[in-house]
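Participant: Please arrange chain B on chain A, whose structure you already have, making use of the hints.
Keeping their order, the protein sequence lines are chains A and B.
Residues 1 to 587 in the working numbering are what the first sequence spells out, letter by letter.
Residues 588 to 900 in the working numbering are what the second sequence spells out, letter by letter.
In case anyone wonders, no lab produced these hints; they're calculated from the structure.
Accuracy of the hints is not assured; some may be wrong.
Listed below are the simulated EDC-like cross-link pairs for lysine to aspartate or glutamate, each with C-alpha atoms no more than 16 angstroms apart in a straight line [stated by the list, open to error]:
hint	chain 1	residue 1	chain 2	residue 2
1	B	Lys-673	A	Glu-213
2	A	Lys-98	A	Asp-175
3	A	Lys-461	B	Asp-622
4	B	Lys-673	A	Glu-212
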Amino acid sequence: MMKITSLLAALILTTGFVSCTKKNKDTGKTINIAVSAQIKGLDPIYANDRYSSNEVGRVYEGLLEYHYLKRPYTLVPNLAESMPVVSEDGLTYTFKIKQGVMFHHDAAFPDGKGRELVAEDFVYSIKRLADPKLQGLGWWLLDGKIKGLNEWRTKYADLPSVDYTEVVEGLKALDKYTLEFKLTKPFPQFLYSLAMPFTFAVAKEVVAKYGEEFLNHPVGTGPFILPQFTQTKKITYTKNPNFRKKLYPSEASEEFKAAGFLADAGKELPLADKVVVNVIIESQPRWLNFLKGKVDYIAIPKDNFDSAVTPDRNLSDDYKNKGIELLINPSLDVTYTAFNHDLKLFKNTDLRRAISIAYDVVKSNELFYNNTALPAQSVVPPGIAGNIKGYVSPYRGPNIEEAKKLLAKAGYPEGKGLPEITYDCPSNTVSRQIGEYFKKQMAQIGVNIKVVTNPWPELQKKITKRQVMLYGIAWGADYPDAENFLQLLYGPNKAPGANGSGYDNPEFNKLYKTASIMQDSPERTALYEKMNRIAAEESPWIYGVHRQNFTLRHSYLKNYMSTDFETGQEQYLNVDVAAKAKALEKL
Amino acid sequence: MNLWQYILRRLFYIIPTILGVAFIIFVIFNLVAPDPALIMLGKHASVQQIQELREELGLNKPMWAQYLDIVKSAFTFDFGRSWTTKQEIISMIKQGAIPSMTLSVPAFVLSTIISISISLVVSFYRGKWIDKSVVFGCVLLMSVTSLAYILFGQWLFAYKLGWFEISGYESGFPDFLPYIVLPVIIWIILSIGPDVRFYRTVMLDEIYQDYVRTAKAKGLSERVVLFKHVLKNAMIPIITFVVIQIPFLILGALLLESFFSIPGLGGITLNGVYNSDFPVIKAMTILTAMAYIIFSVITDVLYTLVDPRVRLK
Numbered sequence: 001m002m003k004i005t006s007l008l009a010a011l012i013l014t015t016g017f018v019s020c021t022k023k024n025k026d027t028g029k030t031i032n033i034a035v036s037a038q039i040k041g042l043d044p045i046y047a048n049d050r051y052s053s054n055e056v057g058r059v060y061e062g063l064l065e066y067h068y069l070k071r072p073y074t075l076v077p078n079l080a081e082s083m084p085v086v087s088e089d090g091l092t093y094t095f096k097i098k099q100g101v102m103f104h105h106d107a108a109f110p111d112g113k114g115r116e117l118v119a120e121d122f123v124y125s126i127k128r129l130a131d132p133k134l135q136g137l138g139w140w141l142l143d144g145k146i147k148g149l150n151e152w153r154t155k156y157a158d159l160p161s162v163d164y165t166e167v168v169e170g171l172k173a174l175d176k177y178t179l180e181f182k183l184t185k186p187f188p189q190f191l192y193s194l195a196m197p198f199t200f201a202v203a204k205e206v207v208a209k210y211g212e213e214f215l216n217h218p219v220g221t222g223p224f225i226l227p228q229f230t231q232t233k234k235i236t237y238t239k240n241p242n243f244r245k246k247l248y249p250s251e252a253s254e255e256f257k258a259a260g261f262l263a264d265a266g267k268e269l270p271l272a273d274k275v276v277v278n279v280i281i282e283s284q285p286r287w288l289n290f291l292k293g294k295v296d297y298i299a300i301p302k303d304n305f306d307s308a309v310t311p312d313r314n315l316s317d318d319y320k321n322k323g324i325e326l327l328i329n330p331s332l333d334v335t336y337t338a339f340n341h342d343l344k345l346f347k348n349t350d351l352r353r354a355i356s357i358a359y360d361v362v363k364s365n366e367l368f369y370n371n372t373a374l375p376a377q378s379v380v381p382p383g384i385a386g387n388i389k390g391y392v393s394p395y396r397g398p399n400i401e402e403a404k405k406l407l408a409k410a411g412y413p414e415g416k417g418l419p420e421i422t423y424d425c426p427s428n429t430v431s432r433q434i435g436e437y438f439k440k441q442m443a444q445i446g447v448n449i450k451v452v453t454n455p456w457p458e459l460q461k462k463i464t465k466r467q468v469m470l471y472g473i474a475w476g477a478d479y480p481d482a483e484n485f486l487q488l489l490y491g492p493n494k495a496p497g498a499n500g501s502g503y504d505n506p507e508f509n510k511l512y513k514t515a516s517i518m519q520d521s522p523e524r525t526a527l528y529e530k531m532n533r534i535a536a537e538e539s540p541w542i543y544g545v546h547r548q549n550f551t552l553r554h555s556y557l558k559n560y561m562s563t564d565f566e567t568g569q570e571q572y573l574n575v576d577v578a579a580k581a582k583a584l585e586k587l
Numbered sequence: 588m589n590l591w592q593y594i595l596r597r598l599f600y601i602i603p604t605i606l607g608v609a610f611i612i613f614v615i616f617n618l619v620a621p622d623p624a625l626i627m628l629g630k631h632a633s634v635q636q637i638q639e640l641r642e643e644l645g646l647n648k649p650m651w652a653q654y655l656d657i658v659k660s661a662f663t664f665d666f667g668r669s670w671t672t673k674q675e676i677i678s679m680i681k682q683g684a685i686p687s688m689t690l691s692v693p694a695f696v697l698s699t700i701i702s703i704s705i706s707l708v709v710s711f712y713r714g715k716w717i718d719k720s721v722v723f724g725c726v727l728l729m730s731v732t733s734l735a736y737i738l739f740g741q742w743l744f745a746y747k748l749g750w751f752e753i754s755g756y757e758s759g760f761p762d763f764l765p766y767i768v769l770p771v772i773i774w775i776i777l778s779i780g781p782d783v784r785f786y787r788t789v790m791l792d793e794i795y796q797d798y799v800r801t802a803k804a805k806g807l808s809e810r811v812v813l814f815k816h817v818l819k820n821a822m823i824p825i826i827t828f829v830v831i832q833i834p835f836l837i838l839g840a841l842l843l844e845s846f847f848s849i850p851g852l853g854g855i856t857l858n859g860v861y862n863s864d865f866p867v868i869k870a871m872t873i874l875t876a877m878a879y880i881i882f883s884v885i886t887d888v889l890y891t892l893v894d895p896r897v898r899l900k
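Looking at chain B on its own, in the form it has when it is part of the complex:
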């Protein structure tokens, strides 16, 4: 099977996955979530108005028809309008995507590079004080709640020292920089602990393999072994770990967006949940599921590039 056949076949999996996702969100929304008509009408809601609004929102349609609506919107990308803001959801997503990506892409890239670099260094010095100190530091970083970093960071660097804006967002480079750098730094600090521990474990797993011993026996230096052999062979778990996180970057970081008033997709999703705004929740869930499948395929393809032993079937 060639590469393109494999990709096409994997992308076909989107169909059953979306049917399944549509079913799950349909069940959750109809059985668990509160009645959106009640939320939207507020304290003066009368039974008649609730009924009228339910009719207007399509909530009185038969169950199968509501399910089909979700499936249809998933395949046509026509998610309709938000029940709360009455805006087209696609345009809301377009508006929110850039601020989210402005935060999450640099934060993710930087945190990945920094974490892999630190992991390589500590693998090089495994068992030494530097390795122990970094592991201890990682545990320490992970032991503090993310909220503490945000609150302290905002208070110290933005309020007391005045290095950054406390919150807000301006579109366009470099206007967004004063708003984005602090949340990016906090994101990196939050990621470094778990990421370094993961990458270090992956690299140490490789270091104790036979081929490493062979390479060393051949007289290759520790540095060459580490960067040329170990890193290359550790790429499969690293790629899996990295690429699988990408779909969730679309949502940005809910907490960071909220505290730094970044008008991204995280806030849109969160408001959708608060307001039982089903079309918004539906759109974000389906898009995330699709992105997850697409990036899974990309992961598999990347495997073949980094490890010739991997075959696509």
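Bound conformation, chain A alone:
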């Protein structure tokens, strides 16, 4: 017994020393990131979740990107030489791409030296996204938008192989550095597609060499290199020594200027030597690693929120003393409970309004979001054009008396005559709790709710097949344009399209049809705002909240901000090595 105890003690001490010696090794400019989900791989066409798309964005690049230091989010050229020339009818986009941009060195190229990126690479990469054999997960972005691309896709769906050399009318390389897109109809949001990882440039030699293993051999033009990806819990990227001359921006929105984000203006990117991504699925080890300085920034886990943030939304002194900073920024999303508008019951506007106004979003915010979210007044979140600053919906509660009056007006005084209404939600704990809370609230006005929990795909299936009455869900922006939210209520988008509730209002539809093809302008914003008001007053959904990101970062990590579109962000991040060494002593 004694021997075993001594053995264990010796083992603990030995490993303790091993771990102590390891601690002092990392002194360079390394960005340490923790992510909470497995990375599927690094093929741009499959990057449909934020984790995979962020990994893709470290290695690959697109024609456009979001300006790092400007808000509202603004598209700027990345691999494109400049913003495209758009024809008067809004149908033809012509890009000049940057010359001298090189792919990473890889065995797929002659002599293993990366070759220059050309316009044809984008033609190839976008055809890959449309390839029916590959089932790229971002096809929805381009579906029906580029002339001839759908026909090309359909033609090869039933043929044994796909011919990438066949010319598609709307997708051409006019010369080595000129790329032309022809759209089927005006669609100003098209440019956002070109800043999303789905359309990032890959080289066909690399795809040909690695075949189905291509996703494990990322070779792009980006700031960091990862010669081989394996399904592990730690991914280490190194700085691309041949990265083109790309500089840290010298312009910024006032908020970033004031916060000192221009200190690195004009420096060559990337600023860090390495990026280490740790896959830490559980929140406690993620949190402890952050507190130990082994992770540079973290979204505060729910269970640690109260220890880190004071009731007045400040960082607690304990953390401040450790050189930790709190960042708060609204997330471009909306949570909601949708009515199934196929049901006759919910064509009754007063009933929808009664249920909506009975819902206590303030209490719900307290219970489920630590009071950090913003109660939603309608569908478009703050931060993008179309959201009406200061607008308060007339049908947001809680106002039980008004709800009862509306319920009686709807023909169901005190809920009499109403059938039991099912509320479907995902099966995770918080969604179920939100469902139970909703049930309790509705009981106050006599509306009888039954909560039904579903695995996520099952819920999607039920929504698609119209087998729900009410369902609780959320939507996060694909790109910073109100169109991405308003499309959720556009009649012709009914399920299986994005409009899961099946709301169909001719006036709303007409406005959407007009606005969705307009370039960004005050006129378009006015139409968006009008739609947003209709969406508030007609109560097609019971609006929940717009969530906010509460993030902590160590102050030695420079230039980090919390953003909704973080793909490619780490090239701008810097580490104050001396400050880090001092900070680690305190942690």
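Facilitator: Frame of chain A; chain B shown alone:
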């Protein structure tokens, strides 16, 4: 029947077992599990895309053809590629096996040795305060949820005291030690309660047998009786208990791998389940079933070595 004939005959049982396992996972996957096409396509899925992807994944094939695919892959070990990661499943398993074994093998061996040793000691002192204290301690250890040990262990030994890494993994000795020791210790703590209780019961069952009384009557010391006779005769239930657990070590410990970010097979399996990644679930289920049969045969063979009265038929 000689030993090799027996082993061969038992290994033939793999065929009907695999057919049965293949049938069960086929039924569960087709009738209960959610549609993988919906999971993979996400929020923008259209009916046409779902149909196309189902076609691509082979989900529109006739039922019998899908069943035959499973059976074929079980016997050829060609499990294809993961639907989620698109990697070859065999290479995923190879990658995950070493970290899993690095955790589970030392943890299992140590916990078995420690538990058997403690059991022998308490059997020696049966009824005395030391026996009662150990039994009480075991009940106490078992009463606390495994999550509590993990959370507390990680917080105290890794974060506060800094003796180990909080999470992560490095391959190769001794680089993996700072990452592995804490989960191994927690595994041992989690196993000791139930294991000691089981082994103690087995040994006490033996202690009250006639042959023990005879041995004592012959004047053999308590120690000789315990180690020479009791332990040897208790080996059959001990071997059964130990060997049958081995196939499940392949999967590692799901919770420990998850909390300590060890890139083992547990995580691969868990992700397979979350993503309805049927080829991964299929491969892991079939491999576990095969391992179970193989280790059952090993158990039977070991019986003959520890107890000459056992005959293989």
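Participant: Look at each hint and say if it fits the structure.
Facilitator: Hints, verified against the model:
Between Lys-673(B) and Glu-213(A) the CA atoms are separated by roughly 7 angstroms; this keeps the pair inside 16 angstroms, and the hint holds. Distance hint between Lys-98(A) and Asp-175(A) is fulfilled; the C-alpha atoms sit about 13 angstroms from each other, no more than 16 angstroms. In summary, the hint linking Lys-461(A) to Asp-622(B) is supported, as the alpha carbons are separated by about 8 angstroms, within the 16 angstroms threshold. About 7 angstroms separates the Cα atoms of Lys-673(B) and Glu-212(A), which keeps this hinted pair within 16 angstroms; it holds.
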